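Assemble the complex: chain U is given as a structure, and chains Y, L and P must be docked to it using the hints.
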Amino acid sequence: MKLYEHLGKELFARYDIPVPRSKLIESADQATGAVDELGEVVIKSQVLSGKRGKAGGIGFASSPDEAKKEAARIFDLEIDGLTTEKVLIEEKIKIEQELYLALTIDGSAHRPVVLASLDGGMDVEDVPEERMIRYPVDVTIGMQGYVIREICRRMGVTGDLRKELLKLLPKLYKMFRELDAELAEINPLALTPDGLIAADAKVTIDDDALYRHPDLPRISEKTALELKAEELDLAYVELGGDIAVMANGAGITMATLDMVQHYGGEPANFLDFGGGADLEKTSKSLELLLGTDPKVLLINIFGGITRCDVVAEAFVQVKQNKGIDLPVSFRLVGTNEAEGKQILEKEGIKTFASMDEAVRHAVQLSSES
Amino acid sequence: MKLYEHLGKELFARYDIPVPRSKLIESADQATGAVDELGEVVIKSQVLSGKRGKAGGIGFASSPDEAKKEAARIFDLEIDGLTTEKVLIEEKIKIEQELYLALTIDGSAHRPVVLASLDGGMDVEDVPEERMIRYPVDVTIGMQGYVIREICRRMGVTGDLRKELLKLLPKLYKMFRELDAELAEINPLALTPDGLIAADAKVTIDDDALYRHPDLPRISEKTALELKAEELDLAYVELGGDIAVMANGAGITMATLDMVQHYGGEPANFLDFGGGADLEKTSKSLELLLGTDPKVLLINIFGGITRCDVVAEAFVQVKQNKGIDLPVSFRLVGTNEAEGKQILEKEGIKTFASMDEAVRHAVQLSSES
Amino acid sequence: MSIYIDENTRVIVQGITGRQGSFHTGQMLSYGTNIVAGVSPGKGGQAVEGVPVFETAFEAVEKHAADASILFIPAPFARDAAYEALEAGIKILVLIPESIPLHDAMDIMAHARQKDAVVVGPNTFGLVSSGSSKIGIMPNRYFVPGPVGVVSRSGTLCYEIVGHLTEHGIGTTTVVGMGGDRVVGLHFIDVLKKFEEDPATETIILVGEIGGSAEEEAAAYITSSISKPVVAYLAGKSAPPGKRMGHAGAIIERGRGTFESKVEALNEAGVKVADLPTKVPPLIKDALAGK
Amino acid sequence: MSIYIDENTRVIVQGITGRQGSFHTGQMLSYGTNIVAGVSPGKGGQAVEGVPVFETAFEAVEKHAADASILFIPAPFARDAAYEALEAGIKILVLIPESIPLHDAMDIMAHARQKDAVVVGPNTFGLVSSGSSKIGIMPNRYFVPGPVGVVSRSGTLCYEIVGHLTEHGIGTTTVVGMGGDRVVGLHFIDVLKKFEEDPATETIILVGEIGGSAEEEAAAYITSSISKPVVAYLAGKSAPPGKRMGHAGAIIERGRGTFESKVEALNEAGVKVADLPTKVPPLIKDALAGK
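Chains as they are written, first to last, in this note's numbering: chain U, 1 to 369; chain Y, 1 to 369; chain L, 1 to 291; chain P, 1 to 291.
For reference, chain U alone in the conformation it holds in the complex (with noise of 0.2 Å):
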């Protein structure tokens, strides 16, 4: 779950690392007051992208009626396909040189590791690998000081900025796994003449650890259709296409997808039901294609976990309560394969035994209608 700049800073707050004064507003007539309260500003979108900055993102003012205009600017700015909610109005610090910062989880290491670098702002992606420092930190012993003096080595850092540091990184590791951060970014993280101060908030939180965080807002990027998918436990995602796809895995639900684009046919969704699905879940997941009225209806089951016996019986229980009156292209095979497939055959559903002739199925299908 991504945070919000000023969420991030809220969390930042709660952990004692200093972020600028500020004023959150939903409108851009809001933003006259803050230069009266914050003087000289800067005027921040709220939106969940990397690309803020240079889609304009960001404005300043020094007197209330260029703050308005700057807010009503950016409140009109779409970034990155995304729409502005809400501004963040900033004191503006004196900023004496942009830092990099940051904590995430490498996987290759299975470990949290430290990115950070004297030259942080816009164009970090592009700073030269040995001007990058990157540190794996050990869990079982956490950010100790020996970590964050050897960062400081490698980066040439030496004296009050290493004592800064020093400080705010624990601050940040111990936020990062009590909050069970995926990311916890600092770009740019400003030294001034006040020491450092977060310029910015990058924060994503861990879905599957959001259980143990019920006091976290919960914010979410979904479609209205995939919020439904989400109550169901269901990762599904749009796309656009007219065959509606449900299989069960991610790779192969992946994998039906690129073979149906491969045999010229456009899905309409991403949708993966889970791993061992029981008759309810499985029900619904059928529904909720249903809803979104396609054209053809690919599914594509491998059982190993998942039993066919029970994806079979969902779709016979879907058929007969709600009726099922587009074409459907039905791959079944795996774990308990001859019991669904008489329970399909019943009704007069026949199934493929190959995924490849499935799919070309559901393109021809599509193309037919």
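Hints may be right or wrong, so weigh each one.
Claimed, not checked - Taking beta-carbon pairs under 7 Å as the criterion, some of the chain L residues facing chain Y (in silico): (1) Pro41; (2) Thr56; (3) Phe58; (4) Asp80; (5) Tyr221; (6) Thr223.
Claimed, not checked - Restricting the straight-line Cα-Cα distance to at most 30 Å, the calculated cross-link-like pairs of lysine-lysine (DSSO-like) are: (7) U:Lys350 with L:Lys279; (8) U:Lys228 with U:Lys171; (9) U:Lys174 with U:Lys51; (10) L:Lys43 with Y:Lys167; (11) L:Lys237 with U:Lys2; (12) L:Lys43 with Y:Lys163; (13) P:Lys291 with P:Lys237; (14) P:Lys237 with Y:Lys284; (15) Y:Lys228 with Y:Lys86; (16) Y:Lys350 with P:Lys279; (17) P:Lys279 with L:Lys115; (18) Y:Lys319 with Y:Lys346; (19) U:Lys295 with U:Lys284; (20) U:Lys167 with P:Lys194; (21) Y:Lys228 with Y:Lys171; (22) Y:Lys174 with U:Lys167; (23) Y:Lys171 with U:Lys171; (24) Y:Lys171 with L:Lys115; (25) U:Lys171 with P:Lys115.
Calculated from the structure, these hints are not laboratory results.
Please read these numbers as outputs of a predicted model, since none were measured by experiment.
In this text, a Cβ means the ideal position worked out from N, Cα and C, and glycines have one as well.
Frame of chain U, contents of chains Y, L and P only:
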């Protein structure tokens, strides 16, 4: 630093470990109100000794008069050589079973160790080995559920009692680690109709870690002189003989006392002024010893990190400033030995090279004076 | 021959009394897996499919000298159970559950490293040494002995591909599911190394997908250290790019992670990348024939 | 021969610019210790006694391939410095500081176990392979080569005894200070095992003291595994008993810990216990003479 039961229980409560309702009193008169407040009560001497129960330091009362009488009796009691300054009056809880539960440090394993038994109470030291479960805890992962389940399995505990222990042990462990405890013992841990309640508390905090616990009270079992020594960061214990002993290192100080006794002398004290003491600390140590008015002074220095010249200089300084007019047996070897001897010889002070000779000389001097 | 496990591997099932635990215990037994005990706190003394159930993993390991474990434990309790297995002395730990928090997975991996144990998963179908032992949830019938080693990030897609092989009469030595999460115990490199050392494995299939840099790392490793032919299939060619938060991911990946980057890296390493799952068996046949 | 360290052991000094660090760097160098670098944050680029100083242990190890470290760091910062050394790859870590909190010491030992490193101390004088290398703070002149291995819980008392040996013309192979704290890295058993394996060590001195159960554990180990003669000296015969808090200590010690218990256990193991430090050399002479 050992904590009185009532302080241990305050810490338990801070970590959400259930303790009985209670009242702390400093004179028997204050006991009368307790029964009205708490009903039937237990009256307990607050002394830092494991022998309290057997020494009669615990009483019971169900009326104000009885409470006052019992409290008075306990205030008058001497337990293990200690007097009772405070008494804890607690509600009498309904005990169905007495367990024993402790966390301490097992030096052999380099780890915290859980000690747990279904046979809690006064004679817990005699519980047969197979009924006293020990489980060393891995500090890199802490008190996980599996540890508690395994302890329960070995104890033969299931059901509700296991659930209670699954709640309680993580709290005790958290306290143990966060407060730098050497010991956190609950004996008895009372199983009551309301669940587990800590009916006693024996908590010892690591002296070397007190600096990071400014919020904890400071409790001392030391004499005035020992407290003064503590301020100087000296390991000092009064022993009652007439030969004052000063040496560097706990082992050699002990061995010096052993040898004094071996040759028929009576050491006045244990004083280890540590390794690598500077001039000031060495002088202060000497002054402290002289202040105890011994018959003979025995100095036994084997300089490693301690420098002989520093000790010699300190001795001369004290002699010149305050005067040293008792017989001295001075042994001085090791780092910068030549320089040390030279300093002392200028003042007409001879030294021994052998510890054996120096000790025998000191015993001789004490029998002469 | 087999890597990681064989018919002598003594397996315990943690969470054996649950719906999935008991079902797959039966499946594994019928495959031939040497399941020696189960664990389910509060249910010690029971039996599931004839397998004795114990209160703790310690007890199970103590009484049945087990060396591997498979976990069917809900995600919130998985870390505790994994620690238990590792502490009890288990050296091969298969984590079936999905949705284990990433920080819990990192904790598990750190502890496994201390204990010199191999973790498969989480979010994996497990692993199988074909014909001798399976510790996992994959359908039994496709995993027949043969000369091909398979390592996969995804589950069902792997069955699909192994199923195609079976149809073509080609069996497998060992099939390893790495697991679909961002933090998993085994990486392609670990398994490739084992396949290279395994005399029974003649050729290798790598089933990857977009995201992360595991395939690119595998490609570099294949170039430097693998002499056997490798065939790959990658899922996700048609996937739209996700929106990224911050720059850390990009800094870590350094231009890797896309379908194109992976195909390019693998091709450079001499790996043939099939464009459909059905194209894998012909490529394998070529490889086995030394073409 | 020597155990743990020899003239090839490459040593760094953490806290080299402090009063004790710099003094003992000089002492160790004059003993012949191969000190390759020092560490002192904020003082990188300086030199102490000709030894180059670096910002971090990583840098020192990276540039000088060190394998051992000695710590002169104030107790509150010792754990961090110890972690640093271990993480940088140091395999022999000597912790000189007194008063390291017990929980910090446990943390250090847990991490050292992960890293397969040997920790000597804390609160130790270190260790010396006589005539070739010393990593510690003991006075140089008493540690001359010879056939006796010495392991001690206390420092100065150990010098005293080694000093008596020297007066009698008897030298040492290796002398190890275990450290005086409740949690120390090496126990008697670890060092006894090394002495048993070391062909140069003909006989062993064990210097113990009251409290804990290390001597009793050593006695049991000597009975089962040590063939060489062992002589012991124990301090604390005259010490008054301390007041005990709770029962946990007694449960752990199980009747061990007193002077009498230790003497009895050692005697039963065939160890001669000297009643004065001066009595150690004659007993060693007897042992060397095969009496």
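Against the structure, the hints:
At its closest, the beta carbon of L:Pro41 sits 5 Å from a beta carbon of chain Y; the interface hint therefore holds under the 7 Å criterion. Taken as an interface hint, L:Thr56 checks out: its beta carbon lies about 5 Å from the nearest beta carbon of chain Y, inside 7 Å. The criterion of a C-beta within 7 Å of any C-beta in chain Y is met by L:Phe58, whose closest approach is roughly 5 Å, and the hint holds. Interface hint status for L:Asp80: upheld, as the beta-carbon distance to the closest one in chain Y is roughly 4 Å, under 7 Å.
The beta carbon of L:Tyr221 is not positioned within 7 Å of any beta carbon in chain Y (closest approach about 30 Å), and the interface hint is therefore violated. The criterion of a C-beta within 7 Å of any C-beta in chain Y is not met by L:Thr223, whose closest approach is roughly 37 Å, and the hint is violated. Between U:Lys350 and L:Lys279, the direct Cα distance comes to roughly 25 Å. Compliance with the 30 Å bound is thereby established for this hinted pair. In summary, the hint linking U:Lys228 to U:Lys171 is not supported, as the alpha carbons are separated by about 37 Å, beyond the 30 Å threshold.
Restraint check for U:Lys174 and U:Lys51: the C-alpha separation of about 27 Å stays at or below 30 Å, so the hint holds. The straight-line distance between the Cα atoms of L:Lys43 and Y:Lys167 is roughly 20 Å, inside the 30 Å bound, and the hint therefore holds. With a C-alpha separation of about 25 Å, the suggested pair L:Lys237 and U:Lys2 falls inside the 30 Å cut-off, and the hint holds. Restraint check for L:Lys43 and Y:Lys163: the C-alpha separation of about 15 Å stays at or below 30 Å, so the hint holds.
Between P:Lys291 and P:Lys237, the direct Cα distance comes to roughly 27 Å. Compliance with the 30 Å bound is thereby established for this hinted pair. Restraint check for P:Lys237 and Y:Lys284: satisfied, since their Cα atoms lie roughly 28 Å apart, inside the 30 Å limit. Restraint check: the Cα-Cα separation between Y:Lys228 and Y:Lys86 comes to about 25 Å, which is no more than 30 Å; the hinted pair holds. Of the supplied pair hints, the one linking Y:Lys350 and P:Lys279 holds, its CA atoms being roughly 25 Å apart against a limit of 30 Å.
Between P:Lys279 and L:Lys115, the direct Cα distance comes to roughly 46 Å. Violation of the 30 Å bound is thereby established for this hinted pair. The suggested pairing of Y:Lys319 with Y:Lys346 holds, with an alpha-carbon distance near 13 Å, which does not exceed 30 Å. A hinted pair counts as satisfied when its Cα atoms are at most 30 Å apart, and U:Lys295 with U:Lys284 qualifies at roughly 19 Å. A C-alpha spacing of about 44 Å is found between U:Lys167 and P:Lys194, which places the hinted pair above 30 Å, so the restraint is violated.
Distance hint between Y:Lys228 and Y:Lys171 is unfulfilled; the C-alpha atoms sit about 37 Å from each other, more than 30 Å. For the hint pairing Y:Lys174 with U:Lys167, the CA-to-CA distance comes to about 24 Å; that is within 30 Å, so the pair holds. For the suggested pair Y:Lys171 and U:Lys171, the alpha carbons sit about 24 Å apart, so the restraint of at most 30 Å is met. With a CA separation close to 27 Å, the supplied pair Y:Lys171 and L:Lys115 stays within the 30 Å bound.
Between U:Lys171 and P:Lys115 the alpha-carbon distance is near 27 Å, which keeps this suggested pair within the 30 Å criterion.
The structure shown violates the earlier hints numbered 5, 6, 8, 17, 20, 21.
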